[in-house]
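Engineer: Residues per chain, in single letters:
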Amino acid sequence: MTLSGWLQIFILLIIVLLLAKPLGLYMARVFSGERTWLDPVLGPLERGLLALAGPGAGREQGWLAYAWSVLWFAVSGFLALYALLRLQGLLPLNPQGFAGLAPDLAFNTAVSFVTNTNWQNYAGETTLSHFSQMAGLTVQNFLSAATGMAVAMAVTRAFSGSSGVVGNFWVDMTRATLYILMPLAILVALAFIAMGVPQTLEASFAATTLEGVQQTIATGPVASQEAIKQLGTNGGGFFNVNAAHPFENPTAFSNALNIVAMLSVSLALMYSFGQMVGNRRQGWALIAVTLVLLCAGIGAIYWAETAGNPLLHAVGVDAAQGNMEGKEVRFGQAMSALYAAVTTGLSNGGVNAMHAALTPLGGLVPMLLIQLGEVLPGGVGSGLYGMIVFAILAVFVAGLMVGRTPELLGKKIEAREMKLAMLAILILPLTILGFTAISAVMPLGTGSILSPGPHGLSEILYAYSSAAGNNGSAFAGLSGNTPWYNTTLGMAMLIGRFAYLVPVLAIAGSLASKPRIPPSSGTFPTDRPLFVGLLIGIILIMGGLQFFPALALGPLAEHFAMISGQSF
Amino acid sequence: MLSPIRPAILLTLAFTLICGIAYPLAITGIGQAALPATANGSPILRDGKIIGSSLVGQAVTLPGYFWPRPSATATTPYNAAASGGANYGPTDARLIARVREAVTSNGGAGTVPADAVTTSASGLDPHISPETAQLQVARVAEARGTPPAEIARLVADMTEGPWLGIFGEPRVNVLALNLALDAKTPLAR
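Protein chains in written order, with full-length UniProt numbering: chain S, 1 to 568; chain D, 1 to 189.
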């Protein structure tokens, strides 16, 4: 670890923090239906879209109507994307003449993008046409992100109002896309082009190298997809190797923009939450929880990766650079560690280094950050509502300790909310550990492992963590493009997204009809350091302990094997 | 329960037009008009022919050139049509064996810089560390019949520092360095 490395990390985190307030305030205005400076341009478009949706489509909804809208929108997005991927060969903008995807891969990919996971069982540049990337994947990059933000706003309104309604999904989703994601995506995409990210409808260009060999260099409409991939915490890259590809992430400058773009919306949304519930300190408290845990994760990866791999040092590799296997020279250890922690603390899942090649402890941390529930700060929207579920649990635990009915922001947390919160929280470990256990004992599962020994278990555990957590990054040694993994990972993504989202909306519905009681002397303040500490503890205990046995068999066992000089 | 079906379908279609067609095409139009060089992949021309991209590494094996890092792309190294990493875990015996072999072919005496013997994430890393470049100076100098000091000076000139002095790592773009070499002392074939 170097001073300059830490300086890079902290400067970027400070930029993101500085953006939290202005961006958070702007988003709060957008979701409160207030006028913004983009109204003259986007207002007519917004009204046109809602008119298209049908008369009465913009009416206030209760939680159940909201949830049905979310689900039907996902179904319709899935069917459109699935059809498009299957029919790729017949559709335009397919300069390489790629055929349609196999049913299992099309299912996995469509689910992956609709659930904001963006797991890549396909290699972009050798599988997908430009049309599939643009009209298929890019669309869901916007819409799955906007859906997450919409649901987060429904939950937010459950705290700010007491009329029983939680907003309107079509309005929230449309406004999230038009007023927040689209303008930011245009800015970031143009900045990316200036930094070297290609944006062309050509598929590739041919070069004759210094030694006279033909090199085919894949290009495409990369910048437009890269921008929304980060802003929407999607993470599905244009290319197979994602943001490690020099065309997705050409320089340290573009890497900095990548990190700021992916982190700022989710973090600022926490500020929006505080603003909309009338307690800005609450927003800062959630941001504090996120940053404490995220910084711990960044530090752990950075430390493990600079310490390097003793097995390689033993065969004559200089330890000075740390573990460079699977990393790019232009990023080095600090920017690779920061990216790995941020992409998994968020449910982004893009990578600028190969996570499979990280040292055992360096690879444990991204896995753990996913398993903690994708709330640090999580995907756009999904991170916020995940964090609120943990906050509900935290006030419940605090209530148990002092023997009072727990309340969060003036809303009483009672049996119904607690049951739903526990239901949501248990979905993740159940899905991850269940599917991992099955895959670890079946040839269908173990046959896809690349690296044997404890790392093989890590490959499987990471895959299901990533899928159920809707992250999308991978220990890419695992050959995921098999019918077994395509299907079960797809199921894990669906469960992780919708079996979580529906109970959360039910909580919102239940809270939305409760009166907001003013704080009394018996109220446990949820915007103070004490609560921040409690919430950190709850996240670590709930997320961490459930996965500890599995992590002990995978990355921890591999770590001790590595330092005792054993390879597999 | 069923009433959201109509808005779901219609808005999916409408947003496909907005986010999937209009947005990427507009960005393509602006990019191609305003920033054609980078929008088309930053190609480098020599004698009117495309010799590579300034952002993408290429395979080089002649002793008179600087060599890039090992690459794990499919079929051939530095296959820019199919990026890919090795994805071996840190305790995989195949990783250790491959690195041991690379250390041996790099001279084997003492230790070698990590980036010289490990594969990159993309398999297309255009850079090597300044240390790895220095390691190759003697070979390049001998092959070109140029004093090593002169080559070492060129490497130092071509070494890029961090952006704004802060972000990223010191590095050498291998293709740029090799082109500068050719410009200075044409390689006898």
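What the hints contain is simulated information worked out from the structure, not anything from laboratory work. There may be inaccurate statements among the hints.
Said to hold, decoys possible - To spell it out: a stretch of chain D is covered by chain S in this simulated footprint if at least three of its residues, at any positions, have a beta carbon under 8 Å from a beta carbon of chain S; those stretches are: (1) 8-21; (2) 80-86; (3) 137-150; (4) 167-175.
A quick note: this is a predicted structure, and the numbers were derived from the prediction, not measured. A virtual CB, placed ideally from N, CA and C, is assigned to each residue, including glycine.
Engineer: Indicate, hint by hint, whether the structure satisfies it.
Structural biologist: Hint by hint, here is what the structure shows:
1. 8-21: holds (count 13)
2. 80-86: holds (count 7)
3. 137-150: It is violated, with 0 qualifying residues against the three required.
4. 167-175: holds (count 5)
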